[in-house]
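K.L.:
Spelled out from the first residue to the last, the chains are:
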Amino acid sequence: DAKTTQPTSMDCAEGRAANLPCNHSTISGNEYVYWYRQIHSQGPQYIIHGLKNNETNEMASLIITEDRKSSTLILPHATLRDTAVYYCIGRGVLSNFGNEKLTFGTGTRLTIIP
Amino acid sequence: ETGVTQTPRHLVMGMTNKKSLKCEQHLGHNAMYWYKQSAKKPLELMFVYNFKEQTENNSVPSRFSPECPNSSHLFLHLHTLQPEDSALYLCASSQGRGGYGYTFGSGTRLTVV
Chain A
336 DAKTTQPTSM
346 DCAEGRAANL
356 PCNHSTISGN
366 EYVYWYRQIH
376 SQGPQYIIHG
386 LKNNETNEMA
396 SLIITEDRKS
406 STLILPHATL
416 RDTAVYYCIG
426 RGVLSNFGNE
436 KLTFGTGTRL
446 TIIP
Chain B
3 ETGVTQTPRH
13 LVMGMTNKKS
23 LKCEQHLGHN
33 AMYWYKQSAK
43 KPLELMFVYN
53 FKEQTENNSV
63 PSRFSPECPN
73 SSHLFLHLHT
83 LQPEDSALYL
93 CASSQGRGGY
103 GYTFGSGTRL
113 TVV
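Sequence order for the protein chains is A and B.
Residue numbers 336 to 449, in my numbering, belong to the letters of the first sequence in order.
Residue numbers 3 to 115, in my numbering, belong to the letters of the second sequence in order.
The hints are simulated quantities; they were obtained by calculation from the structure and are not laboratory data.
Check each hint, because a few of them may be wrong.
[Claimed, not checked] Every beta carbon over 10 Å from chain B, so not counted as near; a handful from chain A, in silico:
| id | residue |
| --- | --- |
| 1 | I409 |
| 2 | K436 |
| 3 | L437 |
| 4 | T438 |
[As the list claims (entries may be wrong)] Below are the SDA-like pairs computed for lysine to any residue, each with C-alpha atoms no more than 20 Å apart in a straight line:
| id | chain 1 | residue 1 | chain 2 | residue 2 |
| --- | --- | --- | --- | --- |
| 5 | B | K24 | A | T441 |
| 6 | B | K20 | B | T105 |
| 7 | B | K42 | A | G385 |
| 8 | A | K338 | A | T441 |
| 9 | B | K43 | A | P411 |
| 10 | B | K42 | A | Q380 |
| 11 | B | K54 | B | V114 |
| 12 | B | K21 | B | C70 |
| 13 | B | K42 | A | T438 |
| 14 | B | K42 | A | N354 |
| 15 | B | K43 | A | N354 |
| 16 | B | K42 | A | A348 |
| 17 | B | K43 | A | G364 |
| 18 | B | K42 | B | Q97 |
[Stated by the list, open to error] So the derived label-pair ranges between C-beta atoms look like this:
| id | chain 1 | residue 1 | chain 2 | residue 2 | range |
| --- | --- | --- | --- | --- | --- |
| 19 | B | Q56 | A | A352 | 24 to 32 Å |
| 20 | B | M17 | A | D402 | 26 to 34 Å |
| 21 | A | N365 | B | F53 | 34 to 42 Å |
| 22 | B | N60 | A | K338 | 15 to 23 Å |
| 23 | A | T414 | B | K24 | 44 to 52 Å |
Ideal placement from N, C-alpha and C gives every residue a C-beta, glycine not left out.
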């Protein structure tokens, strides 16, 4: 599975766009990038995933560079409720059953400042 | 409410006690997982179940004993734990083979005294 590197922490002003970078230089051509977040003392929550093209859903946008070595998660209008740890995950190692196992790193602690 | 329910939310147990954590999902998912999250550490995958069969055990000590009676329920039986086992225990489920769409419960905060 691809190793990912994220900044330890970031701050963002409320109402502004939060841009969270992730480096995944070892990612293979068929490996997805997944983003999850974990609000304090809760379970992680799926945000978005992508392969090559940029993706957008109701929560966020994902911008993947053309060489696929890095990506950026964008929260367009950050609110205080977006304060959380954000995890960028490369394709998980396949379990014995063939489904992906998510391996979480330390993520980026995003703090939204009022 | 995420669709994955874990009980209890908090548990304090002595090192000689036996207790069980419960996880329940009615999302129709076929895979269920136990993760452990210790303070200041990343989530660690403990067990994986697919169609109620255990398919992964990541070298978890035998004092943790999982049980999956059906695809909707997952238990983690605990006995003779150590204080360093204190952590947040998270259950998750997923459908299909992709790494997206994992649904996590809110976890059980376990304290071993």
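K.L.:
Would the hint linking K43 of chain B and P411 of chain A be met if the CA-CA limit is 20 Å?
P.N.:
29 Å, violated
K.L.:
K42 of chain B and A348 of chain A: Cα distance at most 20 Å?
P.N.:
25 Å, violated
K.L.:
If you draw a straight line from the CA of K20 of chain B to the CA of T105 of chain B, is it 20 Å or shorter?
P.N.:
It is violated: about 27 Å lies between the C-alpha atoms, which goes past 20 Å.
K.L.:
Looking at K436 of chain A again, its CB stays over 10 Å from all of chain B?
P.N.:
6 Å, violated
K.L.:
Has the hinted range 15 to 23 Å been met by the Cβ atoms of N60 of chain B and K338 of chain A?
P.N.:
Because 18 Å falls inside the window, the suggested range holds.
K.L.:
Between Q56 of chain B and A352 of chain A, does the beta-carbon spacing fit 24 to 32 Å?
P.N.:
43 Å, violated
K.L.:
Given the hint that K42 of chain B pairs with G385 of chain A, test it: the Cα-Cα distance must not exceed 20 Å.
P.N.:
28 Å, violated
K.L.:
With respect to the beta-carbon atoms only, verify the hint that N365 of chain A and F53 of chain B lie 34 to 42 Å apart.
P.N.:
25 Å, violated
K.L.:
In terms of Cβ atoms, is chain B entirely out of 10 Å range of L437 of chain A?
P.N.:
5 Å, violated
K.L.:
Taking 26 to 34 Å as the stated bounds, is the beta-carbon spacing between M17 of chain B and D402 of chain A within them?
P.N.:
52 Å, violated
K.L.:
Go ahead and decide if the range 44 to 52 Å is satisfied by the Cβ distance of T414 of chain A to K24 of chain B.
P.N.:
33 Å, violated
K.L.:
Evaluate the condition: distance from the CB of I409 of chain A to the nearest CB of chain B exceeds 10 Å.
P.N.:
18 Å, holds
Hint compliance for this structure: hints 2, 3, 4, 5, 6, 7, 9, 11, 14, 15, 16, 17, 18, 19, 20, 21 and 23 are broken, all remaining hints hold.
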